[in-house]
Amino acid sequence: MGILSASIAKKVAMALSGLFLVFFLAQHFTINLSSVIDPETFNNWSHFMGTNGLVQFVLQPVLILGVIFHFVMGIVLEIQNRNARAISYKSYKGSKNSTWASRNMIISGLVILAFLGLHFYDFWVPEIVYKYVDVKEAVEDRYFIELVHKFESPVRTGLYCLAFVLLMFHLWHGFASSFQSVGFNNKYSKALQGFTKLYAILIPAGFIFIALYHHFNQLPH
Amino acid sequence: MKLTLKIWRQANATAKGSMKTYPIEDIEGDMSFLEMLDVLNEDLINKGEEPVVFDHDCREGICGSCSLQINGEPHGPDRLVTTCQLHMRMFNDGDTIVIEPFRAKAFPVIKDLMVDRSSFDRIQQAGGYVSVNTSGNTIDANATPVQKENADDAFYAATCIGCGACVAACKNASAMLFTSAKVSQYALLPQGQVEAATRVLNMVEQMDKEGFGNCTNTGACEIECPKGISLENIARMNREYLKASLQG
Ligand code: SF4
Ligand code: FES
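Protein chains in written order, with this note's numbering: chain A, 1 to 221; chain B, 1 to 248.
So here's chain B without its partners, still in its complex pose (with noise of 0.2 Å):
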């Protein structure tokens, strides 16, 4: 295929960046949407200019570092897949792709494609941990009976890669599905409970400073999680933090 595509391009995080054109050839619907970019760069470095910067690293969906906004959608067309799965064949013949960093205050751009996402981190080290004692005494986590649907929730809540598509996609740069999938994961364990307030009072606070939008539910943001989080986490987390409040 011959394609058109359109990349933001931002020489550092301070610079201006602008949208600039790039055609390419012989891509192959087998591609997954990174190895076209490798394509481009490759190409980029034979002509001696400088390769466009995007962030990847497991290429098989699992560590949430690729990003990009693509035709408008944060991973692309295609749904439950992150970008380095998603497959050229979504694309025609003559396309013209536009590819933009994923978009939020809380997610300033590096370089070109690239965007810093440790407001993430900074979220998770608020409260998505439990805190466990290692001295010797340590209690096996199967000696702790759970209910199966909780288990599952919990596990399907655990299955976020933090890659931040969630909030690519909502149009108030909202950090309430990203959050709520942290929060909901130790929420329904039995070994999250020690810290359960404290945890979504901590975590909501700093997403809040981190300058992640207020949450409006138009509901985007499952449609675009590449792992399918649901919006019932958010009500979870939603309850979890009215509880929280009202216990004081």
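Same shape as in the complex, but just chain A (with noise of 0.2 Å):
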């Protein structure tokens, strides 16, 4: 893995990437939250981001590298560090000195990876079909409809849900541990975490609500 065989590389590799995803959640979250708001807002927003060359060409395949680079890193650190203790305890009282979600990224983890997988499908393969494969015309006004299609199914509202809870408690671990990673605690440390607790548990919160909001608030048919 070249210059990332170190312990500390691949942890401050994994504090960037990670950093970067929170970033651009909160980009994901201003734009739904618009769905909320005004559906035209949502309708331009979606299409400029759709159809923007620099969003569509660069910034996209970037995110989509990201997040493969997150999991596939979080992914070989698991395996490690399961090595790096061959015979485990009779007796392990974990939750006497660290949290849930600190011990247990790997499964929040692989259900929002999961939760990706969900998403791609519903939204970003059928976008894709839409605009590359199909060459359809576009259509500026049709992106608040189809989402709000797809908040029908009182299933696929529930794992989206689920999936937002799980992400609260990586989140919740992980925010404020990319700081530590990446060397950063002194007197403003605390003032950080504060931030990064409230974030962990807002932004999912509210794509909660959006979810919610759609699926109790359908197109009349």
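No lab work stands behind these hints: they were computed from the structure. C-beta: ideal position from N, C-alpha, C; glycine also. Take these hints with a grain of salt, some might be off.
Claimed, not checked - If you want a taste of the chain B side facing chain A, the calculated C-beta under 10 Å gives, among others:
| hint | residue |
| --- | --- |
| 1 | Asn71 |
| 2 | Ala106 |
| 3 | Asn172 |
| 4 | Val204 |
| 5 | Met207 |
| 6 | Gly211 |
| 7 | Glu224 |
| 8 | Ser230 |
| 9 | Leu231 |
| 10 | Glu232 |
| 11 | Ala235 |
| 12 | Arg236 |
Claimed, not checked - Each computed BS3-like pair below joins lysine-lysine, with the alpha-carbon atoms no more than 27 Å apart:
| hint | chain 1 | residue 1 | chain 2 | residue 2 |
| --- | --- | --- | --- | --- |
| 13 | A | Lys187 | A | Lys197 |
| 14 | B | Lys16 | A | Lys90 |
| 15 | A | Lys96 | B | Lys2 |
| 16 | A | Lys136 | A | Lys150 |
| 17 | B | Lys105 | A | Lys96 |
| 18 | B | Lys6 | B | Lys20 |
| 19 | A | Lys187 | B | Lys148 |
| 20 | B | Lys16 | B | Lys47 |
| 21 | A | Lys190 | B | Lys148 |
| 22 | B | Lys105 | B | Lys20 |
| 23 | B | Lys47 | B | Lys20 |
| 24 | A | Lys96 | A | Lys197 |
| 25 | B | Lys20 | A | Lys187 |
| 26 | B | Lys111 | B | Lys47 |
| 27 | A | Lys90 | B | Lys2 |
| 28 | B | Lys20 | A | Lys93 |
| 29 | B | Lys2 | A | Lys93 |
| 30 | B | Lys243 | A | Lys90 |
| 31 | A | Lys96 | B | Lys6 |
| 32 | B | Lys209 | B | Lys111 |
| 33 | A | Lys150 | A | Lys131 |
Two independent chains are provided; combine them into the complex using the hints.
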């Protein structure tokens, strides 16, 4: 793995890719939130994101690579860390010294990964087919209707909400932890941690709110 | 008090070990955990059985040789104490106590509860020192002024006794807290600057080579450390490491 062979290099890479994804999440959330406030704004923003060359051909691939890097690295780390304790304890009280979220990043991470699979299948794949395979005409106001249709199903809405709860746990540990990983631990850390914890709760809660909002406010047929 | 002990017994490094149950009586709250084990061993010797092997030396919390995973926590349920400082009054009559060796691939079991922690020595040897010219013109350490906060932080880092509880507590068996304490101790002092870059690179390289896991910032180490070594040291080591790597 070259420069990523050292444990601290991996740690920093994990933190930086994580921070990048946290930043992306805020942007994604902002656009989604507009769907609750004003469908037209949502359509405009979605159209811009979906047709802008910079977004489509630079930012989108970077994002996808970022996601892939983050989870591949997470899995590699998990395997190495399990190997570091070949014989496990008969009695191990992790809850006495650490949070569930911090000890189970692999579980929350894998749930989020599974969610991303569903999410890609729901939105990204149809979008790519629409634009680049079928090469249909750009219709500027289709996004909102497509979005609301997706949340008709209670099963899908439920799965989305479940994934967001796990995202909460993942962010609860991961966001604050990434600053420690890049070496940031000083008198400002407490305030920063407060912010990261707030973010960890509010953003996923907001996503849950949006999903439920569209589920219960279906379009008139 | 009467207690039931469940202890890991393993004849030697290659033998397959298992948990054995021992009832024990007449234990007083004022005894230390190791004194309790002494009582057990006396009992076993009298019965002609093999006593339980465990590491210890100073019995006052300074040498770092006592270890033991007690009821799922290194050095037991109390905070800021080593196993030798742990009082039996932390337990209640009738309790079952599970006693295991510190578990990590880099800490192989030698016998019963005793593990080989020489991986820590090798990390130290990789850079945990300052080179001083002793040819007759040695500079008095006090001649170099050190900022008070730095002196304090370096001192706190230096209180690490190398017990390995941080590794034992960590779900990843990572040695970051130990290594970072040793790195910090020098990184904060002017005397440590000459070898600062090579020190952190070499010590981390050795740490990885020994087969310790990767740190995921669970913070378990800081909570279980008998000396209260802070996670700030790990952040400092990460900084030092980045700085040294970028310098090339
Ligand atoms: S950092 Fe604490 S727990 Fe780890 S070896 Fe040093 S004294 Fe023991
Ligand atoms: S025996 Fe020395 S620290 Fe416990």
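Evaluated hints:
no.: 1; hint: Asn71; in the structure: 6 Å, holds
no.: 2; hint: Ala106; in the structure: 7 Å, holds
no.: 3; hint: Asn172; in the structure: 4 Å, holds
no.: 4; hint: Val204; in the structure: 6 Å, holds
no.: 5; hint: Met207; in the structure: 7 Å, holds
no.: 6; hint: Gly211; in the structure: 6 Å, holds
no.: 7; hint: Glu224; in the structure: 5 Å, holds
no.: 8; hint: Ser230; in the structure: 9 Å, holds
no.: 9; hint: Leu231; in the structure: 7 Å, holds
no.: 10; hint: Glu232; in the structure: 5 Å, holds
no.: 11; hint: Ala235; in the structure: 3 Å, holds
no.: 12; hint: Arg236; in the structure: 7 Å, holds
no.: 13; hint: Lys187/A x Lys197/A; in the structure: 17 Å, holds
no.: 14; hint: Lys16/B x Lys90/A; in the structure: 15 Å, holds
no.: 15; hint: Lys96/A x Lys2/B; in the structure: 25 Å, holds
no.: 16; hint: Lys136/A x Lys150/A; in the structure: 20 Å, holds
no.: 17; hint: Lys105/B x Lys96/A; in the structure: 23 Å, holds
no.: 18; hint: Lys6/B x Lys20/B; in the structure: 5 Å, holds
no.: 19; hint: Lys187/A x Lys148/B; in the structure: 17 Å, holds
no.: 20; hint: Lys16/B x Lys47/B; in the structure: 24 Å, holds
no.: 21; hint: Lys190/A x Lys148/B; in the structure: 23 Å, holds
no.: 22; hint: Lys105/B x Lys20/B; in the structure: 22 Å, holds
no.: 23; hint: Lys47/B x Lys20/B; in the structure: 16 Å, holds
no.: 24; hint: Lys96/A x Lys197/A; in the structure: 21 Å, holds
no.: 25; hint: Lys20/B x Lys187/A; in the structure: 48 Å, violated
no.: 26; hint: Lys111/B x Lys47/B; in the structure: 20 Å, holds
no.: 27; hint: Lys90/A x Lys2/B; in the structure: 22 Å, holds
no.: 28; hint: Lys20/B x Lys93/A; in the structure: 20 Å, holds
no.: 29; hint: Lys2/B x Lys93/A; in the structure: 23 Å, holds
no.: 30; hint: Lys243/B x Lys90/A; in the structure: 41 Å, violated
no.: 31; hint: Lys96/A x Lys6/B; in the structure: 20 Å, holds
no.: 32; hint: Lys209/B x Lys111/B; in the structure: 24 Å, holds
no.: 33; hint: Lys150/A x Lys131/A; in the structure: 19 Å, holds
Violation of the numbered hints given earlier is confined to hints 25, 30; the remaining hints are satisfied by the structure.
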